[in-house]
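There are 2 protein chains.
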Amino acid sequence: MEITLTSPLDMHLHVRDGEMLKLVAPLSARDFAGAVIMPNLVPPVTDDQALQAYTKRVLEASCSEHFAPLMTLFFRNYTEAELLAALSIPGFFGIKLYPAGVTTNSDSGVSSWQMAEPTLRCMEALGIPLLVHGESHGFVMDREEQFLPIYRHLAEQFPKLSICMEHITTVAALHLLDEYENLCATITLHHLEFTLDDLLGGAMKPHLFCKPVAKRSEDREALLHAALSGHPRVMFGSDSAPHPLHKKECCGCAAGVFSAPVALPALAKIFAEHGAADKLQAFVSGNACHRYNLTPPLKKVTLRDTAMQVPVIYRGYGQSVVPLHTEEQLPWSVCAVQE
Amino acid sequence: MEITLTSPLDMHLHVRDGEMLKLVAPLSARDFAGAVIMPNLVPPVTDDQALQAYTKRVLEASCSEHFAPLMTLFFRNYTEAELLAALSIPGFFGIKLYPAGVTTNSDSGVSSWQMAEPTLRCMEALGIPLLVHGESHGFVMDREEQFLPIYRHLAEQFPKLSICMEHITTVAALHLLDEYENLCATITLHHLEFTLDDLLGGAMKPHLFCKPVAKRSEDREALLHAALSGHPRVMFGSDSAPHPLHKKECCGCAAGVFSAPVALPALAKIFAEHGAADKLQAFVSGNACHRYNLTPPLKKVTLRDTAMQVPVIYRGYGQSVVPLHTEEQLPWSVCAVQE
Chain Y
1 MEITLTSPLD MHLHVRDGEM LKLVAPLSAR DFAGAVIMPN LVPPVTDDQA LQAYTKRVLE
61 ASCSEHFAPL MTLFFRNYTE AELLAALSIP GFFGIKLYPA GVTTNSDSGV SSWQMAEPTL
121 RCMEALGIPL LVHGESHGFV MDREEQFLPI YRHLAEQFPK LSICMEHITT VAALHLLDEY
181 ENLCATITLH HLEFTLDDLL GGAMKPHLFC KPVAKRSEDR EALLHAALSG HPRVMFGSDS
241 APHPLHKKEC CGCAAGVFSA PVALPALAKI FAEHGAADKL QAFVSGNACH RYNLTPPLKK
301 VTLRDTAMQV PVIYRGYGQS VVPLHTEEQL PWSVCAVQE
Chain B
1 MEITLTSPLD MHLHVRDGEM LKLVAPLSAR DFAGAVIMPN LVPPVTDDQA LQAYTKRVLE
61 ASCSEHFAPL MTLFFRNYTE AELLAALSIP GFFGIKLYPA GVTTNSDSGV SSWQMAEPTL
121 RCMEALGIPL LVHGESHGFV MDREEQFLPI YRHLAEQFPK LSICMEHITT VAALHLLDEY
181 ENLCATITLH HLEFTLDDLL GGAMKPHLFC KPVAKRSEDR EALLHAALSG HPRVMFGSDS
241 APHPLHKKEC CGCAAGVFSA PVALPALAKI FAEHGAADKL QAFVSGNACH RYNLTPPLKK
301 VTLRDTAMQV PVIYRGYGQS VVPLHTEEQL PWSVCAVQE
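As given, the protein sequences belong to chains Y and B, one line each in that order. Straight run, no breaks: the first sequence in this note's numbering ends on number 339. Straight run, no breaks: the second sequence in this note's numbering ends on number 339.
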């Protein structure tokens with residue numbers, strides 16, 4: 001059995017910087033035609049110069065002419081002139097908003113919604129998408145649900161602003177999504193596969209630890225249903241977030257699952273097992289192209305139901321990163337990429 | 001300020017075997033007059049010979065004449081003759097029941113409650129306490145609550161059996177405790193101190209990972225209230241469960257918090273901060289002595305509000321174990337032990 005995807009996109013990707021960027025960017029550029037590149041570097045990407053320079057580094061590191069990084073700024077209060085400057089930079093895609101301190105390198109995130117309103121108004125007028133890490137500072141299992149009233153407020157106050165609920169993990173988020181046309185959502189591979197039980201129901205698995213944490217099986221099933229049924233405002237975003245091995249298997253494990261190199265084979269497995277192979281194109285590209293009016297580089301990626309042996313670890317440039325499904329055999333693999 | 005405790009007891013303790021036993025047993029024997037020693041070795045302690053031999057090894061390793069190990073058998077279907085044989089062994093205390101597969105070395109635990117009834121009936125007649133790891137095989141955050149109907153069933157079916165709900169973690173368990181006089185409960189130090197947020201709300205902390213996992217803040221507060229108010233059927237049981245460092249900071253972290261060496265100073269801090277220093281004696285000894293009619297070795301342990309620098313790691317006999325509060329300074333310390 002084969003599935004051929006046209007120009008798959010990863011709508012939420014962390015490729016970091018420096019040597020880690022060099023290791024991981026080619027792994028995404030190999031399988032995907034484009035990816036939304038998150039701006040939470042240290043310091044974060046918050047002006048057109050940093051954006052331009054980071055775009056250049058990502059392009060160089062990805063080693064591919066058929067991979068389009070969709071670049072983002074880290075949300076702060078921007079003037080209209082600053083937003084126009086960003087729009088003039090090729091590859092600029094949107095602005096990622098982190099409430100202060102909720103995940104890796106988000107300390108300089110938003111702490112006042114009222115202060116943010118002029119920038120959001122300007123983004124709405126200029127057609128710049130807002131991408132949101134939607135978690136409160138409450139109890140870890142409740143953070144996404146507690147954030148939903150803020151999504152509701154944004155959706156109502158800025159009806160023309162395109163708002164993406166990034167990496168949603170709950171039934172409740174899906175219900176809200178259905179209420180507002182100006183909301184869309186990304187879903188990760190790992191939240192389609194795992195619940196909190198997989199993280200700590202048996203032995204605790206640091207390589208499955210991410211923010212937001214995986215929730216209950218009813219949440220996972222609802223996410224699966226949305227993806228498999230071809231929900232038009234749901235898009236694949238891996239949230240692949242590499243950390244060096246020594247920051248995962250240690251006394252204070254960093255949040256992030258490194259899924260980019262196994263994403264398409266693992267998604268093919270899920271969709272094929274559920275008899276929904278015909279819906280994979282919409283989830284990994286069609287819905288995003290439609291939503292954002294994207295025309296990514298043409299790339300045909302063919303997956304076949306022959307096994308992929310997942311490496312124990314990806315090494316290079318002095319970096320070591322353990323992938324999702326480390327050491328496992330996935331029943332699907334990428335068998336051809338035509339550019 | 002000083003608190004002097006008479007014969008403190010740890011009513012739930014894992015000291016393991018072999019070299020690990022030699023490292024950790026003296027740390028408990030130093031501060032406590034006795035401890036209930038859990039039987040989940042590999043293979044588990046399931047007959048009088050194994051019990052006798054393990055008792056001897058624990059006594060030798062603890063290097064103290066003023067420390068009484070209260071020994072347990074691992075629950076299986078025992079005959080009356082087998083239970084009588086156990087009762088004839090000095091130090092035998094009770095039987096620990098694990099539902100099959102719920103925690104470290106519990107694979108041979110109970111899988112059928114009906115099969116267990118004759119043994120439970122016999123234990124009831126002979127006055128042998130039943131100690132239970134009360135978790136279902138459901139979603140990790142629900143496991144204790146899902147197990148409560150089994151506690152209720154046991155409490156009603158065996159009204160003279162002393163049943164201890166080990167290491168309880170929820171408001172719901174406390175409510176059940178109050179319904180039946182033949183139920184009692186142990187509470188750990190770490191469940192008085194931490195919630196799931198401490199385990200994975202920020203970076204994920206493998207050294208705080210245990211079964212049952214820590215729950216919500218309202219659960220923690222209810223446990224605190226029970227301990228601080230001197231609830232007569234609530235007893236301290238550390239569930240201190242050492243694992244070598246390489247089984248904690250790794251890709252599949254074992255469940256268990258090694259708290260024994262810091263337990264009394266950390267408890268003194270909690271009770272003193274809440275103005276309940278006068279209730280600590282009941283929690284760490286009085287309630288257990290009363291419940292089980294125990295007369296532990298006389299040992300006066302004096303705690304003072306002078307700092308204890310917690311070691312980064314305890315090493316010895318080729319073992320390395322990271323303690324709870326590693327590298328921290330606790331404001332209380334054991335300043336004198338009189339035997």
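The hints are simulated quantities; they were obtained by calculation from the structure and are not laboratory data. One or more of the hints may lead you astray.
Each pair may be met inside one copy or between any two copies, as identical chains are not told apart.
Using 25 angstroms as the maximum straight-line C-alpha spacing, the simulated SDA-like pairs for lysine to any residue come out as follows [as the list claims (entries may be wrong)]:
(1) Lys205 to Gly109
(2) Lys160 to Arg315
(3) Lys205 to Gly101
(4) Lys56 to Asp197
(5) Lys269 to Pro26
(6) Lys269 to Ile313
(7) Lys205 to Ser106
(8) Lys205 to His137
(9) Lys247 to Gly101
(10) Lys300 to Glu145
(11) Lys205 to Ile313
(12) Lys205 to Cys335
(13) Lys56 to His225
(14) Lys22 to Ser217
(15) Lys56 to Lys160
(16) Lys205 to Gly252
(17) Lys205 to Gly275
(18) Lys269 to Ala125
(19) Lys56 to Arg76
(20) Lys279 to Gly318
(21) Lys247 to Val310
Evaluated hints:
1. Proximity of Lys205 to Gly109 under the C-alpha cut-off of 25 angstroms is restricted to the inter-copy arrangement: shortest distance 24 angstroms between copies versus 28 angstroms within a copy.
2. Neither within a single protomer nor between protomers do Lys160 and Arg315 lie at most 25 angstroms apart by alpha-carbon distance, with minima of 44 angstroms and 62 angstroms respectively.
3. In this assembly of identical chains, Lys205 and Gly101 lie within 25 angstroms of each other by CA distance both inside one copy and across copies; the values are 23 angstroms within and 18 angstroms between.
4. For a Cα distance limit of 25 angstroms, the shortest separation of Lys56 from Asp197 qualifies neither inside one copy, at 41 angstroms, nor across copies, at 39 angstroms.
5. In this assembly of identical chains, Lys269 and Pro26 lie within 25 angstroms of each other by CA distance solely inside one copy; the values are 23 angstroms within and 53 angstroms between copies.
6. Taking the shortest alpha-carbon separations for Lys269 and Ile313, only the intra-copy value of 21 angstroms comes in at or below 25 angstroms, while the best inter-copy value is 44 angstroms.
7. In this homomeric assembly, Lys205 and Ser106 come within 25 angstroms of each other (Cα to Cα) both inside a single copy, at 23 angstroms, and across copies, at 20 angstroms.
8. Taking identical chains as interchangeable, the C-alpha atoms of Lys205 and His137 lie at most 25 angstroms apart whether they share a chain (23 angstroms) or sit on different chains (18 angstroms).
9. For the homomeric pair Lys247 and Gly101, the shortest alpha-carbon distance inside one copy (18 angstroms) is at most 25 angstroms, but the shortest distance between copies (30 angstroms) is not.
10. Taking the shortest alpha-carbon separations for Lys300 and Glu145, neither the intra-copy value of 38 angstroms nor the inter-copy value of 50 angstroms comes in at or below 25 angstroms.
11. Within a single copy, Lys205 and Ile313 get their C-alpha atoms as close as 15 angstroms, and across copies as close as 22 angstroms, so both meet the 25 angstroms cut-off.
12. For the identical chains of this complex, Lys205 and Cys335 are neighbours neither inside a copy (30 angstroms) nor across copies (39 angstroms), given an alpha-carbon limit of 25 angstroms.
13. Taking identical chains as interchangeable, the C-alpha atoms of Lys56 and His225 are never at most 25 angstroms apart, the minima being 38 angstroms within one chain and 58 angstroms between chains.
14. Proximity of Lys22 to Ser217 under the C-alpha cut-off of 25 angstroms is found in neither arrangement, the shortest distances being 36 angstroms within a copy and 42 angstroms between copies.
15. In this homomeric assembly, Lys56 and Lys160 never come within 25 angstroms of each other (Cα to Cα): the closest approach is 31 angstroms inside a single copy and 75 angstroms across copies.
16. For a Cα distance limit of 25 angstroms, the shortest separation of Lys205 from Gly252 qualifies both inside one copy, at 13 angstroms, and across copies, at 5 angstroms.
17. Neither within a single protomer nor between protomers do Lys205 and Gly275 lie at most 25 angstroms apart by alpha-carbon distance, with minima of 30 angstroms and 39 angstroms respectively.
18. In this homomeric assembly, Lys269 and Ala125 never come within 25 angstroms of each other (Cα to Cα): the closest approach is 41 angstroms inside a single copy and 56 angstroms across copies.
19. When the C-alpha separation of Lys56 and Arg76 is checked against a cutoff of 25 angstroms, the pair qualifies only within one copy, where the shortest distance is 22 angstroms, while the shortest distance between copies is 66 angstroms.
20. When the C-alpha separation of Lys279 and Gly318 is checked against a cutoff of 25 angstroms, the pair qualifies neither within a copy, at 39 angstroms, nor between copies, at 55 angstroms.
21. Within a single copy, Lys247 and Val310 get their C-alpha atoms as close as 21 angstroms, and across copies as close as 23 angstroms, so both meet the 25 angstroms cut-off.
When the structure is compared with the earlier hints, violations turn up for hints 2, 4, 10, 12, 13, 14, 15, 17, 18 and 20 and for no others.
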